[in-house]
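So the sequence lines, in the order shown, correspond to chains A and B. By my numbering, the letter at position 168 of the first sequence is numbered 272, and the numbering carries on one by one without gaps. By my numbering, the letter at position 6 of the second sequence is numbered 28, and the numbering carries on one by one without gaps.
Bear in mind the hints are in silico, worked out from the structure with no lab data behind them. Check before you lean on any hint, since a few could be wrong.
[Said to hold, decoys possible] Straight-line alpha carbon distances no greater than 25 Å define the calculated SDA-like cross-link-like pairs of lysine to any residue that follow:
1. Lys77/B to Arg295/A
2. Lys185/B to Arg295/A
3. Lys30/B to Arg218/A
4. Lys185/B to Ala47/B
[Claimed, not checked] Stretch by stretch, here's where chain B covers chain A in the computed footprint (C-beta under 8 Å, at least three residues):
5. 217-230
6. 349-362
We put the beta carbon where it would ideally sit given N, CA and C, even for glycine.
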Amino acid sequence: MTSATSTPFFDRTFLGLAGALIALLIGGLFLPQWALSFGSVALYLGIVVLGMALLMRTGLVSFGQGLYYCLGAYAAGTLDHFFSLSDLLLMVVAGALLAGVVAGILGLLLSKYRDIFFAMLSLAFSMILYGLLVKTSQLGSTDGFGLSVKTFAGVALSPAHTRYVIFAFASVLAFGCAVFMHRYWCSHLGRLATAIRDNELRVEYMGESVQRVIHLNYVISAAMAGIGGALMAGAIGHVDPETTANWTTSGEFVFIAILGGTGSVFAPFFGAGIFEAVRTFALERFPNTWQMTLGITMLLVMIFLPGGLWSAFRARRRIA
Amino acid sequence: MATILEAKGLSKSFGAVTAANDINARIEQDSVVGLIGSNGAGKTTFINMVTGYLKPSAGHILYQDRDITGMLPRKIAQLGICRSFQIPQLFNTLSVYENIRVGVGIAARAGTPSQKPTDQSAHAEIERLIEDFGLGSYRSQLAGLLPEGVRKSLDIAMAVAGKPRVLLLDEPTSGVSAEEKFRLMDMVMAALAAQRVTVLFVEHDMDIVSRYTHRILAFYEGRIIADGEPKLVLDHADVRRYVIGEPLHPTGKEAPRAAH
Chain A
105 MTSATSTPFF DRTFLGLAGA LIALLIGGLF LPQWALSFGS VALYLGIVVL
155 GMALLMRTGL VSFGQGLYYC LGAYAAGTLD HFFSLSDLLL MVVAGALLAG
205 VVAGILGLLL SKYRDIFFAM LSLAFSMILY GLLVKTSQLG STDGFGLSVK
255 TFAGVALSPA HTRYVIFAFA SVLAFGCAVF MHRYWCSHLG RLATAIRDNE
305 LRVEYMGESV QRVIHLNYVI SAAMAGIGGA LMAGAIGHVD PETTANWTTS
355 GEFVFIAILG GTGSVFAPFF GAGIFEAVRT FALERFPNTW QMTLGITMLL
405 VMIFLPGGLW SAFRARRRIA
Chain B
23 MATILEAKGL SKSFGAVTAA NDINARIEQD SVVGLIGSNG AGKTTFINMV
73 TGYLKPSAGH ILYQDRDITG MLPRKIAQLG ICRSFQIPQL FNTLSVYENI
123 RVGVGIAARA GTPSQKPTDQ SAHAEIERLI EDFGLGSYRS QLAGLLPEGV
173 RKSLDIAMAV AGKPRVLLLD EPTSGVSAEE KFRLMDMVMA ALAAQRVTVL
223 FVEHDMDIVS RYTHRILAFY EGRIIADGEP KLVLDHADVR RYVIGEPLHP
273 TGKEAPRAAH
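For reference, chain B alone in the conformation it holds in the complex (with noise of 0.2 Å):
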């Protein structure tokens, strides 16, 4: 498959903190991969540089084999990358619909003028988006009085409003309850499928990422330390120890340090 997000030697560093060090990746396109690691491991670093917000210290992004290190974010959305946020960020004080809205509006005016959207067509999709992030209750709500598991979805439908070909979620399903991750999950897999998308996203439930995704990357004190199939990324030594945090030998030598 063509290769649609590349990282090239890409490092980050915030002082004396290395955030990011030589990070190496390609995407494939409409691939699904999970960014794993535990805090501070460099995902969400990753993802900042890649829409922009942070400048890499050193290394490159390509996206569909074009340069864009360092890139203003709005300039990387208008290319088609859009992402969701840890923390939702939402138009407080305008109600779900208008929030997906300006979404919907921006995109249309970063298109050309040949698919600029008609009113009613603009509406048809705000509606679409509506119905499939399941806001439909919503509709007319101040996103400032959402529910925490709400706004985690209107956050995604935002993204999603954009209509990105490389689509970033940091931590979807974080501040949403246990039963509602995996409906969560189905809804944004399930909104996506029609289109061609390719998906990254951060999480730290491995049921997730081993039921959603194609790939994981698992990052480790800035680097990738495992790349690859779910399966066998989540059963390197590496990860089981220093993502999942699972002692590498049990009833070991290490045992007895543990009790001093």
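The shape of chain A in the complex, shown without the other chains (with noise of 0.2 Å):
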């Protein structure tokens, strides 16, 4: 029911992420260090797709987002391979700043298409980074190089704390993108991307610049993109242009946003949470067929909830 233009900051949605993120860094603290890795996999993987989901709601699916989670990880990669500066929060903040000026500057050419081009072509843009880092051998050409976080914000880590403290620092980060995401569809330009979706020919006659929209809601989701690649980096501790640039990881980044649904801003963090599962789990069981148990599982999404994993709560909530 729509009442009130603006809803309260503490909302219950915003409760119910103050309340994941306490869980997360509490509960980390008693985690044994691989679940750690799974989880920092599923956060940053769903702060990547949160992007996606604001694409998505305006409308446009990019098949390109690996280009931006690309420069995060290899921003954060140069920072400690070339420059020694290890600091994880310094590696996320270059990490985010570079795609989102990247995308500042492809996003004049993007804004200008839709549907299929758009896909398309945002998949042309990561193709080419991938051609180039795949020829740079300063970079370590197919192979990458490694790198490894030595402090967080100028306080030194020692090798024990490190998992938990990226876990930590990814769970806040989550928290924080969620909670800026979901103000941002609270307002009134965050609200026009649904409109743009439905009729952008309308939104320009009510005197908007779909355009603009398009190109800043492009901005958001690849600054989301550059934070993921960059936690990715740290976390992994190694960059190539396979798992980064190549077009199976930006698939594998509207697979999730499929999965997990646009519909709510934990959707990202539950679909990409379940995909790493099935993942993790199908890789050991079925190690030769592996891709076929995340086929059959979107399979099932896609035909008994269309809306995404997530709305399997929203449906129960609204019987309920």
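Fit the two chains together into the complex; they arrive one by one in their own frames, and the hints show the way.
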């Protein structure tokens, strides 16, 4: 039910996110190392997909989000590898900035395209970066290069705690991005996304520049992909073109977005967690046919929960 | 009265087809003007040129003495010329409330900072539009699921949400049942009464045109063939023949040709 124009800051979504953050921060202290790694993957993939969800709300599917994921990862890697700046906070800021600036430039062109043209052009840009990286021996070509996180905001990290710090920082960033996105979706500018998806002609005739809104949303989604990429680089300790800029990685983001759904800021993280769990399970049990397991999972979701896995919770709430 | 909108020698051709041919008209502020003519006479082309969807092949459009020819639709909307559509252009996956909220929000952004409404005043404005256009019982329904007549009302309400100085309505009563037409037009006119809005609307129903307008522009083959008070225009011989479709001499020389 729509009543007032604004929603209070401390609404149910905010409280849910805050509760999840506290649970992650405290629970993380007791989790084994493998669980912290798993959680970090779900969180940084979720941040990337949250940005994708914004584009999808605007009616656009990017098949090239790996471009910004890769820029974020390489920004983080380069800081450590070439400048000996091994600070996680700095890496993430650099990743977000580089991705945002590049999206600001490419967005000038991309914001003029829609549908399959937008999808394919975004894919083309990511493949250009992939091609460049593969040929750049200074950046390790196809092998990429390794990096390590040694400090956080200037505070030295002991190897025993690094994994928890990365997990905790990923949790805080996921919380921050989710709160930002939730507030954005409740704002006039954020609400325009759905209006543009439904009828951009009308939005123009009402006096708003559709291209400008798409450009802004594109930059926001890219910055989130950059944050995710930088976190990934810090967590894995290695960057390479194949797992970042290649189209299969971009495809995974689309996969997770559809798996989780775009109806809520929780959905991308939930989708990413399920995706990572299914992939890990399938890789272990069916090492030669693990893609098939993912394929069947997607098939079942599309048939039974076309709004994504998260919509199952929503449907139940409505009935209750 | 002051002229708010002026067309000077407006022409538009699409290849060999001339949709507008040297259209000249001055629209006075606060007037209600009906645009009539058969299909393809150039009424919608005229509206599309004024709102920036089509760029005229020749001629100029002046709004408050400012040349707006060829400006983008959103720039023209920001200046205060808003339109509705013959086929309602809604945000189908948003509720009625949200559809209007988008319009109110965009208008607020275009305004100067001092005019920016608070959340409460925006909400009040949305509610007022919902009431003015009889949308109260549909407030939370998705626009894509509304009956056609309601879609039409919502489409016009969304144009009014833009706080227009000039409002162009493209066939506001098409697709609306005969008995609903007057109710819809009464509603539109009542909603606009409080504001100073100049209204131009395309209409095929001559009863509606003569009841609500101060003036009529009659279009035929891209030209304005009559312009003036409703009664005079509707009695004009060319208008009766080309627009309303009456034979000039029902029992005269043309009858044998028709039977031929």
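Going through the hints against the structure:
no.: 1; hint: Lys77/B to Arg295/A; in the structure: 30 Å, violated
no.: 2; hint: Lys185/B to Arg295/A; in the structure: 20 Å, holds
no.: 3; hint: Lys30/B to Arg218/A; in the structure: 36 Å, violated
no.: 4; hint: Lys185/B to Ala47/B; in the structure: 24 Å, holds
no.: 5; hint: 217-230; in the structure: violated (count 0)
no.: 6; hint: 349-362; in the structure: violated (count 0)
In the structure shown, a violation is registered for the earlier hints numbered 1, 3, 5, 6, in ascending order.
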